[in-house]
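Order-wise, the sequence lines are chains A and B. Numbering of the first sequence is given in this note's numbering, commencing with residue 1 and proceeding in unit increments. Numbering of the second sequence is given in this note's numbering, commencing with residue 1 and proceeding in unit increments.
Since the hints were derived computationally from the structure, they do not count as laboratory data. Given the structure is predicted, the values throughout are model-derived calculations rather than measurements. Check each hint, because a few of them may be wrong.
The calculated lysine to any residue pairs, modelled on SDA-like cross-linking and capped at a C-alpha distance of 20 Å, are [to be verified]:
| id | chain 1 | residue 1 | chain 2 | residue 2 |
| --- | --- | --- | --- | --- |
| 1 | B | K94 | A | L74 |
| 2 | A | K14 | A | E87 |
| 3 | A | K55 | B | K94 |
| 4 | A | K20 | A | D65 |
| 5 | A | K41 | B | K54 |
| 6 | A | K41 | B | T53 |
| 7 | B | K94 | A | K20 |
| 8 | B | K94 | A | Q38 |
| 9 | A | K41 | B | R22 |
| 10 | A | K66 | A | Q98 |
| 11 | B | K54 | A | Q98 |
| 12 | A | K41 | B | G16 |
The following residues of chain A were derived to be distant from chain B, with all beta-carbon distances above 12 Å [claimed, not checked]:
| id | residue |
| --- | --- |
| 13 | G16 |
| 14 | M45 |
| 15 | K55 |
| 16 | E59 |
| 17 | S73 |
| 18 | L74 |
| 19 | T75 |
| 20 | T78 |
| 21 | F91 |
Under 10 Å between C-beta atoms, here's a sample of chain B residues computed to sit facing chain A [said to hold, decoys possible]:
| id | residue |
| --- | --- |
| 22 | F35 |
| 23 | G41 |
| 24 | I44 |
| 25 | N45 |
| 26 | Y48 |
| 27 | I49 |
| 28 | S51 |
| 29 | G52 |
| 30 | T53 |
| 31 | Y69 |
| 32 | Y73 |
| 33 | A88 |
| 34 | G100 |
| 35 | T104 |
Glycine included, C-beta positions come from ideal geometry on N, C-alpha and C.
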Amino acid sequence: GAVVSQHPSRVICKSGTSVKIECRSLDFQATTMFWYRQFPKQSLMLMATSNEGSKATYEQGVEKDKFLINHASLTLSTLTVTSAHPEDSSFYICSARQPYGYTFGSGTRLTVV
Amino acid sequence: GIQVEQSPPDLILQEGANSTLRCNFSDSVNNLQWFHQNPWGQLINLFYIPSGTKQNGRLSATTVATERYSLLYISSSQTTDSGVYFCAVADDYKLSFGAGTTVTVRA
């Protein structure tokens, strides 16, 4: 079946630094990928839609300058959290649409100290 | 966007018991999935079920699209069934999640 690989699975960074999260479709091409954020004990909230070869579409309230998304190829989308602060600590997870549902990466737990 | 409501929010079961989780949604959908989120955060796809009934082992699901609800049945629950169950729907290409049902199965 379709597999979405996400790295790193866990990252700790210092406040003010930037962190890049990668999401790869391993056995299919994904022209569109989705990025979600999940705070503890909460549901998943869509942050942005990543489109290959064009700008990402951000959901209302999501700062596009803080969460930079690049979808440079049909198999790779990246999310960069810039100038991270403790409030950005969260679980980030990517997804790609398939003919029969959406497939999710394994997620990245970001801790900003 | 589509509103998704899941009930109950929490469910405590004795091992071996059966249970039903419900998902109500506010509009027509072309995608509905049930997920189990494990302790490490991984979303395990249980069912892709925009309509109809499916079964997979001890789990089954039914979606009545015309009435805008879906049910997930867990039979003969096991401790490994513990975790958060999410219902997610889409009417175009954006998947919206419900708040989830936290299931705890006690031995």
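To see whether the hints hold, each was checked on the structure:
1. B:K94 / A:L74: 19 Å, holds
2. A:K14 / A:E87: Given that 20 Å is the threshold and the Cα spacing comes to 12 Å, the pair holds.
3. A:K55 / B:K94: Judged against 20 Å, a Cα distance of about 17 Å means the pair holds.
4. A:K20 / A:D65: Status holds; Cα separation ~14 Å.
5. A:K41 / B:K54: 29 Å, violated
6. A:K41 / B:T53: 29 Å, violated
7. B:K94 / A:K20: Not satisfied, since the Cα-Cα distance of roughly 23 Å exceeds 20 Å.
8. B:K94 / A:Q38: 16 Å, holds
9. A:K41 / B:R22: Given pair A:K41, B:R22 holds - Cα atoms ~19 Å apart, limit 20 Å.
10. A:K66 / A:Q98: Violated, at roughly 28 Å.
11. B:K54 / A:Q98: 19 Å, holds
12. A:K41 / B:G16: 26 Å, violated
13. G16: 26 Å, holds
14. M45: Non-interface label fails for A:M45: nearest chain B Cβ at 8 Å, not farther than 12 Å.
15. K55: 16 Å, holds
16. E59: 9 Å, violated
17. S73: 20 Å, holds
18. L74: 17 Å, holds
19. T75: 19 Å, holds
20. T78: 19 Å, holds
21. F91: 5 Å, violated
22. F35: Since chain A brings a Cβ to about 8 Å from B:F35, closer than 10 Å, the hint holds.
23. G41: 4 Å, holds
24. I44: 9 Å, holds
25. N45: Hint on B:N45: holds, closest Cβ of chain A at ~6 Å, below 10 Å.
26. Y48: Holds: closest Cβ of chain A sits about 4 Å from B:Y48, inside 10 Å.
27. I49: 9 Å, holds
28. S51: Since chain A brings no Cβ nearer than about 13 Å to B:S51, farther than 10 Å, the hint is violated.
29. G52: 13 Å, violated
30. T53: At 16 Å from the nearest chain A Cβ, B:T53 fails the 10 Å test, so the hint is violated.
31. Y69: 18 Å, violated
32. Y73: Cβ of B:Y73 sits 19 Å from chain A, so the hint is violated.
33. A88: Holds, about 7 Å.
34. G100: Holds, because the Cβ-Cβ distance from B:G100 to chain A comes to roughly 6 Å (cut-off 10 Å).
35. T104: Given a least distance of 14 Å, the restraint on B:T104 is violated.
In summary, the structure is inconsistent with hints 5, 6, 7, 10, 12, 14, 16, 21, 28, 29, 30, 31, 32, 35 from the numbered list given earlier, while agreeing with the others.
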